[in-house]
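Q: Given next are the chains, with one letter for each unit.
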Amino acid sequence: QKEVEQNSGPLSVPEGAIASLNCTYSDRGSQSFFWYRQYSGKSPELIMFIYSNGDKEDGRFTAQLNKASQYVSLLIRDSQPSDSATYLCAVTPSRAGGTSYGKLTFGQGTILTVHP
Amino acid sequence: ETGVTQTPRHLVMGMTNKKSLKCEQHLGHNAMYWYKQSAKKPLELMFVYSLEERVENNSVPSRFSPECPNSSHLFLHLHTLQPEDSALYLCASSPFEWNQPQHFGDGTRLSIL
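For the record, the sequence lines run as chains A and B. Last residue of the first sequence? That's 120 in my numbering, and every number before it is there in order. Last residue of the second sequence? That's 149 in my numbering, and every number before it is there in order.
Think of the hints as simulated: they come from the structure by calculation, not from any bench. These numbers come from a predicted model, not from an experiment. Warning: the hint list may mix true and false statements.
Distance condition first, Cα-Cα at most 27 Å in a straight line; then the derived DSSO-like pairs of lysine-lysine [claimed, not checked]:
(1) B/54 / A/6
(2) A/60 / A/71
(3) B/58 / A/46
(4) B/58 / B/76
(5) A/6 / B/77
(6) A/6 / B/72
(7) B/72 / A/46
(8) B/72 / B/54
(9) B/58 / A/6
(10) A/71 / B/77
(11) B/55 / A/6
(12) B/54 / A/46
(13) B/55 / A/46
(14) B/77 / B/54
To be clear about the criterion: a stretch of chain B counts as covered by chain A if any three or more of its residues have a C-beta under 8 Å from a C-beta of chain A, and this derived list gives those stretches [claimed, not checked]:
(15) 94-101
(16) 132-144
Glycine residues also receive a C-beta, built at the ideal position from the N, C-alpha and C atoms.
Sequences and hints are given; from them, build the entire structure.
A: Right, here's the structure in full:
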């Protein structure tokens with residue numbers, strides 16, 4: 005079983021719709037969850053992150069955590085063609101707690117296409 | 037300049053060449069990372085430096101040699117690379133805490149002839 009798993013897609017949604025991206029993780033003790041957006045040929049860009057204590061909303065983006073089922077989701081409301089990119093989920097494993105640096109495990113990413 | 041800067045953006049080299057990738061961060065972070073990103077594969081962590089000390093080396097071949105002279109600069113020295121080493125090499129940095137996000141540079145697209 006992969007540590008962090010994402011459906012590679014592509015996920016295609018019409019402009020204005022809600023895009024829902026999911027990520028499952030295997031380490032039950034994970035406490036930090038990150039979503040990055042990566043345009044083709046570019047580097048990953050942090051969109052938002054949440055900890056195990058709650059969900060977060062930032063503009064059109066909402067990150068939600070389901071600890072019991074061990075998945076984290078990213079909702080993009082009012083999707084725009086400019087949202088078309090690969091979305092990477094990253095998780096901090098429980099064994100990283102207490103270290104002085106981050107240790108992220110990335111999923112393979114989900115390709116999102118928003119069509120006009 | 038702000039953020040994380042990587043040079044060069046593109047590099048083409050033969051298998052017998054020696055070259056270096058450079059990364060500089062202007063965020064005041066204390067940890068720096070090298071990742072490899074190949075097509076259709078998740079980001080692979082190669083090396084981690086925390087306060088200029090190497091704290092992780094994820095079974096990376098010795099033809100890749102990292103160097104961190106200070107908390108703002110990170111190098112990846114390359115020699116005798118193989119065609120399968122062609123990939124996007126990303127540098128990232130983060131604060132001195134384990135649960136903070138990492139911020140990436142634009143990467144170096146490396147092609148081995």
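Q: Taking the hints in turn, state whether each one holds.
A: Now for the hints, and whether the structure bears them out:
no., hint, in the structure
1, B/54 / A/6, "violated, 35 Å"
2, A/60 / A/71, "holds, 15 Å"
3, B/58 / A/46, "holds, 17 Å"
4, B/58 / B/76, "holds, 25 Å"
5, A/6 / B/77, "holds, 12 Å"
6, A/6 / B/72, "holds, 18 Å"
7, B/72 / A/46, "holds, 13 Å"
8, B/72 / B/54, "holds, 18 Å"
9, B/58 / A/6, "violated, 31 Å"
10, A/71 / B/77, "holds, 26 Å"
11, B/55 / A/6, "violated, 34 Å"
12, B/54 / A/46, "holds, 25 Å"
13, B/55 / A/46, "holds, 22 Å"
14, B/77 / B/54, "holds, 26 Å"
15, 94-101, "violated (count 0)"
16, 132-144, "holds (count 12)"
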